[in-house]
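There are 2 protein chains.
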Amino acid sequence: MLTRIEDGPADVVREIVSALHPHTGRGALVGVTGAPGAGKSTLVNALIGSWRALDRTVGVLAIDPSSPFSGGALLGDRVRMQDHVLDDGVFIRSMASRGQLGGLSWSTPQALLAMDAAGFDVVVVETVGVGQAEVEVAALADTTVVVVAPGMGDAVQAAKAGILEVADVFCVNKADRPGASRTARELRELQALGDSGGIQIPVLLTTATAGEGIDELSEAITDHRRALEAGAELDARRRARARMQISELALAAVRERAAAVRGAAGLDELARAVACRDLDPYGAADRLLAALADR
Amino acid sequence: MLTRIEDGPADVVREIVSALHPHTGRGALVGVTGAPGAGKSTLVNALIGSWRALDRTVGVLAIDPSSPFSGGALLGDRVRMQDHVLDDGVFIRSMASRGQLGGLSWSTPQALLAMDAAGFDVVVVETVGVGQAEVEVAALADTTVVVVAPGMGDAVQAAKAGILEVADVFCVNKADRPGASRTARELRELQALGDSGGIQIPVLLTTATAGEGIDELSEAITDHRRALEAGAELDARRRARARMQISELALAAVRERAAAVRGAAGLDELARAVACRDLDPYGAADRLLAALADR
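These protein sequence lines are chains P and V, in that order. According to our numbering, the stretch in the first sequence is residues 20 to 314, in order. According to our numbering, the stretch in the second sequence is residues 20 to 314, in order.
In short, the hints are calculated from the structure, not lab data. Predicted model, so just to flag it, every value in this text is computed and none were measured.
Simulated coverage check for chain P against chain V, where a stretch passes if three residues somewhere in it have a Cβ under 8 Å from a Cβ of chain V: (1) 28-42; (2) 293-307.
Label-pair restraints from in silico Cβ distances: (3) V:Asp297 to P:Asp102: 38 to 44 Å; (4) V:Ala249 to P:Pro197: 49 to 55 Å; (5) P:Asp234 to V:Arg281: 44 to 50 Å; (6) V:Ser37 to P:Ser200: 53 to 59 Å; (7) P:Asp234 to V:Arg204: 38 to 44 Å; (8) P:Ala279 to V:Ala259: 15 to 21 Å; (9) V:Leu105 to P:Ala249: 57 to 63 Å.
A virtual CB, placed ideally from N, CA and C, is assigned to each residue, including glycine.
So here's chain P without its partners, still in its complex pose:
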């Protein structure tokens, strides 16, 4: 089904989503994100072990941030999660990042929905990202874990890239390396500077390769989800997610119709006119919209 969601024709994907949607809403959606090299895949592998020890089933969607141009993957993150290959309570799927001028693939929300409907207790979406992809993952997840490694540029640089606002839990991984406690302290200090509304985001130290700090991280994720459920926040996040998804689907439909316009009001012809300064971009957009309204 994930393959169909990723590669199938639009009407098939639509049918799948419509059929699955009533069965979703039970799984805890956990986003794991951070810069390349922070050790996210190893961390997710360790987290799976922690959740399995509590008898919770886990689905993982690993978004490969390979190029929106080539669509190809240079490294398979799955190789780092092979501890759980023989466990029926774990399902791991890699997915390419296809572009659409958004960091994540267009299929990501639909794929998450399918994994939620499949009944996993925890659904993890793991993505490499600085900035945009992190924001998008945060929009999809109930709980977003931002993974930082010491010595990868300091926390101020990380904050500059916009991760402070999307994190529900911070994880300083590779904590056996020098500088880990400094990075953790910086993350705490930066929160004090920022406008976090008085909420202190937990900063946990882990060494995923040695399994250290993993149970504590897993607990922090569960605590965050419980806090969401206790208040109105889980519902608010779900509404925001639905709002975004509806907008995206509607805009995708418009984009598709726009791409199908031919002739003088078609995108090729309009772009030619703008490139040679016969028309300005706003005037061109008006013509495109007028052509859409006429159809």
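With the hints as your guide, set chain V onto chain P.
Chain V in isolation, oriented as in the chain P frame:
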């Protein structure tokens, strides 16, 4: 004018763009991008000196990658470019990254257009980014320089984040650090692996703080632009850019209309229905589009 483009009402921005558009197309648009900490601002500062020595005027748009949520800037990149504050042939402007679920601010293409129309020989857009922002910068620029520093995670990680396909020129900055030549070699080797269409992208080593390698980098940028002009490629890039801008403007108009729909087909109400599983996202998008068509 840049302030108006950034903060002004939509109709004012539209008026400005329409008025300026016929006067654009002369400046060489150079994108400079790379991960946080690669030394991009210092490099741009040094490049400005190199261009000024050739009597070319330079405009710089430094996109602050601060959060799409907070809109605030933690660090001012401009402080690193202060060598040129008193030079009338140089204009530097910082701009916030405001979100719109795209890495770059919505105003970026319009601001670039204004700087091009102002007659600068070179217009630089500098942005921090891994992945999406780099792709967007590449879409805006004639020539994209991807800056990598040794020891910031290896070239494979950089490639994973999608920079290989957007680069017209690679720059390994901080070349006085250990590992610089290894990083340069890896970038060359990765190109051999990838589908670059047989084009060898130059890999230059610079130490921006000491001014080393800067003239060579500046020359590589000029060479690339000349090659674009010699073939049909510059025109092709301009058309692609116009195409994207027209689509974005048209979609922004649709998004604005959609946000203005109230009642049962309004986004708030549709999101509520989707969040409580009364409606699936596709059905909701249909209702939204139907409401737009009725207006």
